[in-house]
Amino acid sequence: MATTDTEVKELIKREYEHGFVTEIEADTFEPGLNEDVIRRLSKVKQEPEFMLEWRLKAYRRWLEMDDPTWAHVDYPEIDYNAISYYSAPKKQEDMPQSLDEVDPELLRTYEKLGIPLHEREKLAGVAVDAVFDSVSVATTFKEQLAEAGVIFCPISEAVQKYPELVEKYLGSVVPAGDNFFAALNSAVFSDGSFVYIPKGVRCPLELSTYFRINAANTGQFERTLIVADEGSYVSYLEGCTAPMRDENQLHAAVVELVALGDAQIKYSTVQNWYPGDEHGKGGIYNFVTKRGACLGKNSKISWTQVETGSAVTWKYPSCILKGENSVGEFYSVALTHNYQQADTGTKMIHLGKNTRSTIISKGISAGRSSNAYRGLVKFQPGAEGARNYTQCDSLLIGDRCGAHTFPYIESKNKSAIVEHEATTSKVSDEQMFLCRQRGIDPEQAVSMIVNGFCKEVFKELPMEFAVEAGKLLEVSLEGSVG
Amino acid sequence: MLSIKNLHASVEGEEILKGINLEIKAGEVHAIMGPNGSGKSTLSQVLAGNETFEVTEGEVTLNGENLLEQETEERAREGVFLAFQYPVEIPGVSNLQFLRTAVNAKRKHRGEEELNAAEFMKLAKDVSRQVDLDPSFLKRGVNEGFSGGEKKRNEILQALLLEPKLAILDETDSGLDIDALKVVSDGVNALRSEDRAILMVTHYQRLLNHIVPDYVHVLAGGRIIKSGGRELALELEEKGYGWLGVKDDDASN
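If you read the sequences in order, they're chains A and B. For the record, in the first sequence the residue sitting at position 75 is 215 according to our numbering, with numbers rising by one throughout. For the record, in the second sequence the residue sitting at position 180 is 262 according to our numbering, with numbers rising by one throughout.
Just so you know, the hints here were simulated from the structure itself, not pulled from any lab data. There's no promise every hint is true.
Stated by the list, open to error - With a cut-off of at most 27 Å between alpha-carbon atoms, the simulated DSSO-like pairs for lysine-lysine come out as follows:
no.	chain 1	residue 1	chain 2	residue 2
1	B	K221	B	K204
2	A	K487	A	K554
3	A	K566	B	K247
4	B	K207	A	K599
5	A	K308	A	K421
6	B	K221	B	K233
7	B	K247	B	K207
8	A	K301	A	K421
9	B	K87	B	K190
10	A	K487	A	K595
11	B	K233	B	K247
12	A	K595	B	K264
13	B	K207	B	K233
14	B	K233	B	K87
15	A	K611	B	K264
16	B	K190	B	K207
17	A	K437	A	K487
18	B	K321	B	K100
19	B	K204	B	K264
20	A	K493	A	K437
21	B	K233	A	K566
22	A	K599	B	K321
23	B	K221	B	K190
24	A	K595	B	K207
25	A	K183	A	K197
26	B	K233	A	K595
27	A	K611	B	K221
28	B	K233	B	K204
29	B	K204	B	K190
30	A	K183	A	K339
31	A	K552	A	K493
32	A	K599	B	K100
33	A	K595	B	K221
Stated by the list, open to error - The following residues of chain A were derived to be distant from chain B, with all beta-carbon distances above 12 Å:
no.	residue
34	D167
35	R180
36	G538
Even for Gly, the Cβ is constructed at its ideal location relative to N, Cα and C.
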């Protein structure tokens, strides 16, 4: 393309917008992992006995497991004893009751990230449970939610206040021993969000949590649990960015969703963690287990994700469709650039009659990155009349990147119907020439073409996220024209 | 307005343009005719800045500015417009968004205020009616699923919106039935103005019945071998290219 080498270099040199470190005193454990560390962690968090037992059981399972190696990603071996398993802003004993009490340094951090809480509250009517490192520091709109009977709080708080709900549902969708990273998370999870929507309640707000990894060498292990009781509805938004670091940071989260009869959960993610520099140095390891269970009749779980960050992504938001007529959806945009690696997709497990699932996956690869879609569609014998539709599109920018598709289909029921469509295309020279001939800047042209490619997924996002997602792609694609 | 001197250009080492000389003044319409493979499309692409082609010699100026030194998008903002022979599709990007981005890139370049969505919508609707395209086309993906004729009309729509100084029309008549040809020609005639130059590239003279050129040039073997007025096109229609010593593979028309 016409953009000269120097221009490309300039663009590539643009530093990660969110790469800065907040200087806040952190109360951090020494690196290392053993049963004592878990006991200390549980004690610091003032957890009931069942929680400690649950963690220890998970830890013992984890010790017997090995790192998974089947994903199409490559990264150096992780030394789990070099990681610190607890880090919290210091003043956690007296948590701030309002934003005025929040450490101003922290608020400035959010501002740099473009997440002014004050504005967000007013403009968007979004309740924000902001996770900074491992402890939640600001929870807003609590009252309005409480009126509706909605519980939205840090999971550490839920463990203390609603132990019966936590004990009933925690690990019910992603068991502690489900996989290596889920077991690790179960043993050491730091914090995260807990949501309970009572019967027949339509949650009055979009719920949103911003995660941010901050202290060096501190793995972050969020745990999120959302339970939608019969006939309820909730839309949950998750978005995150991380500061620039040279060492790789491990992130192993678990998200569990439970939808009872006629309940609906819409879970949207915009993920923009530090992807590493243009030489592939640094960046977040994002090893996430996300799974939802449609337990009741006519329930619905919908995952929408826009993944642009992280050095390595390993993530398969899935649905277990147990209830009759239940619906699972997965809409995904995954963009990789430079040396990023992503192996992402979904699992749709059809157990119940007439269950339906839709998978729309858009993978975009630029630079020297590798982008894989991995999806499993499974029909169990009871999945009479079940259907799946999968559409899996890859877009390549340049000729040094890779796109891979690994679809798995297993059917044990003859009446089940599955459709699969896949395409691979390139941002063509002709498209670029057309845009530029009309006076459009090459960077803007690529961004526009890629946004067009992702349109089907973006329209599933809540409005404010859709705008953010478009902007994110633009930033993430900087330097991809050359 | 446009001055081309001794222009040579090649693709993958093969020379296609072998010394083109051409002067076009503001307000004039020039037609370039010639058999297939003569270099007509190459000339259009080179002027618009397609980097597939390498300019090896010569100079091109637009109002005194060296065009060859400018990037494709700069030329476009300075007023060079190419109506493509085969407009490409950009799935998922709405025509409206594409056109507004283009128009605003140009307005910004000129130091004018950018148009907001509502202002642009009104303008685009008016112009789309002018080329007989239903405004619903504005919401569809750029050229996505358009018929050949719709694509060509969409090109003229863009020309009318972008108000170029130099409009290059590359085989704009190809693949059009007689009704569509009429619509497209009306659009091009609406483009004619005192301060605008138009360069039409065509294989056939039928377009020139609708858009009457001031000058006609015959391009063959990468050079302009004959220039004349409107009557030259008629002569070509009657006699083909053979009398000029040029072989035409597609002389049946």
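Return the numbers of the hints above that this structure violates; sort them in rising order. Violated: hints 3, 5, 8, 9, 12, 14, 15, 22, 30, 32.
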